[in-house]
Amino acid sequence: ISEESIEMRSVADRIVFTEIALDAINTSPYIGIGAGNFPWYASHYLHYKTDYDLRGDNVHQVVLGIWAEYGLVGLILLGTNILTAIVGTMRNVSRYHQQRPERIAILGTTVALLAVGLFDHYSWTLIHIQILWFTLMSAGLSIRFDSGD
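Note that this note's numbering gives residue 1474 to position 142 of the sequence shown, counting from 1, and the numbers run on in steps of one.
For the record, the hints were derived by calculation from the structure and aren't laboratory data. Hints are supplied without guarantee of correctness; some may be wrong.
To be verified - Derived DEER-like restraints, expressed as beta-carbon distance ranges:
1. Ser1342 to Trp1372: 13 to 23 Å
2. Met1422 to Leu1450: 36 to 46 Å
3. Val1343 to Val1443: 21 to 31 Å
4. Ser1337 to Ser1474: 38 to 48 Å
5. Leu1410 to Ile1347: 37 to 47 Å
6. Val1448 to Leu1354: 18 to 28 Å
Backbone N, C-alpha and C define an ideal beta-carbon position, used for all residues, glycine too.
Using the sequences and the hints, build the whole thing.
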């Protein structure tokens, strides 16, 4: 029976939503299409420009999703935030590595969430994971965890 596998459907969907994200970026590269509007943009695109049997959803890559929704301005702000957090945490790790091994764990978890964001949108579209992400970045940048530092 000619049923498609779940993996093939997932890969095909990701390709389609990546194409839609690139179209959204070309439509409004500097200020984006608006926060949270990508699923609506994708629905409109799928209905009027394709004959795919899909519903609008988020693009499965955080960087493309942010660029499409927030534009180049939002992408630069997020990139600056992430770069500052990683560099600052690495400095703190090198300064306090013997006394504070939890900073290494914070850095590793932050980088892991960034890696997940390359393949799925949940690290950006679910609010509790956003809070976790930014809390980890802030904790890595903090100078003190307790009064002994």
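Query raised in the report: If you check each hint against the structure, which ones fail?
Result: 2 and 5
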